[in-house]
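2 protein chains.
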Amino acid sequence: MNSYSSKLLEDAVNEFAKLPGIGRKSALRLALHLLKQQTDDVEQFGKSIIKMRNEMKQCAVCHNISDVDTCEICANPKRDRSIVCVVEDIRDVMAIENTSQFVGLYHVLGGIISPMEGIGPDDLQIGSLVSRVQSGEIKEVIMALSTTIEGDTTNFYIFKRLKDTNIKITTIARGISIGDELEYADEITLGRSILNRTPYHSGL
Amino acid sequence: MNSYSSKLLEDAVNEFAKLPGIGRKSALRLALHLLKQQTDDVEQFGKSIIKMRNEMKQCAVCHNISDVDTCEICANPKRDRSIVCVVEDIRDVMAIENTSQFVGLYHVLGGIISPMEGIGPDDLQIGSLVSRVQSGEIKEVIMALSTTIEGDTTNFYIFKRLKDTNIKITTIARGISIGDELEYADEITLGRSILNRTPYHSGL
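Chains Y and E, in that order, give the protein sequences.
Read in order, the letters of the first sequence are residues 3 to 206 in this note's numbering.
Read in order, the letters of the second sequence are residues 3 to 206 in this note's numbering.
No lab work stands behind these hints, which were simulated from the structure alone.
Mixed in with the good hints, there may be bad ones.
Which copy? The list can't say, so a pair holds if one copy fits it or any two copies do.
In silico DSSO-like links for lysine-lysine, alpha-carbon gap of 30 Å or less [to be verified]:
| hint | residue 1 | residue 2 |
| --- | --- | --- |
| 1 | K53 | K141 |
| 2 | K59 | K49 |
| 3 | K9 | K80 |
| 4 | K165 | K80 |
Sequences and hints are given; from them, build the entire structure.
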């Protein structure tokens, strides 16, 4: 795959191939697909990407991706401002919002501490979380990060920064997924689900 | 995956999700990846796509994708103008060029006859192939289409259109791939490879 008959095509393929999870063969397939589309449609595609990158903002409160200065969730007077759920990025906000089980606000870190990738605490929205907590309105912070070494490190770091503020710090429950069979669960999850057992109530 | 906090993000995700093989989750991942890139890089990506679509040409001779009116291959005086290899699209040209075994010219049909997808002979560059052959310079046409029902149909249609011209019409050899074990080959390929056996010569 090295002799493109067109520099224009080669440039577009190179750009597609920079995207994560897209190799050169897929990139060529995508570029050839676009060549078969209407000029207007391709123009709309290209412009929507550029527009998104240029005009995208972060919510000034929770740092979630937003088109306005304060995002819909933070601006909603019906949300409980005393509970803040700390997540890694917008995908986690969307996943939790889809459950309709959380009425508080969020705090989007924009990543997790990862020495391997050169991401330290200062690269994340941790200082602004501490400021939000110190401002006094927040009573509980729910940590909802991945259960990886990086997630645990980030949890621990934030816990240390917040522990003098005397607010309640919780983490989302870890356990056996609903519908999963016990014999296929990993031991750490199963062990933790026994330690953190909850009072029985029918209906769940 | 329905509540985007940003219309700009949602638009970009929708555009990515129109691409073949990219679902909504992958589209979101790609859009968020672009958000983390430099503004200039994203602008270059978007513009390269639009530029490719707007400025791309087809070679006037072989209809391959090209930046100029006559592609490099057709313009190359060292290529054998008496042999033309008929292929479906530019990927086949690239694959054959990579073998360095073919010194003739190409004819890119731009697809194959597919009633299921509403692609008939008139949607393809078949008329221009007939004209090229009738112009007299061509002595042999090599059919190099996929061995599918659509490919066979297209082969047969082109054969019928060309048979009165008295040029030689061949197809690329079908047989067991080099390195493949016989026991794993499908019966049709194996059967055909016996029928179309070639004289033994060492070194292959």
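Exercise for the section: Please write out, lowest number first, the hints stated earlier that are contradicted by the structure. Expected result: 1
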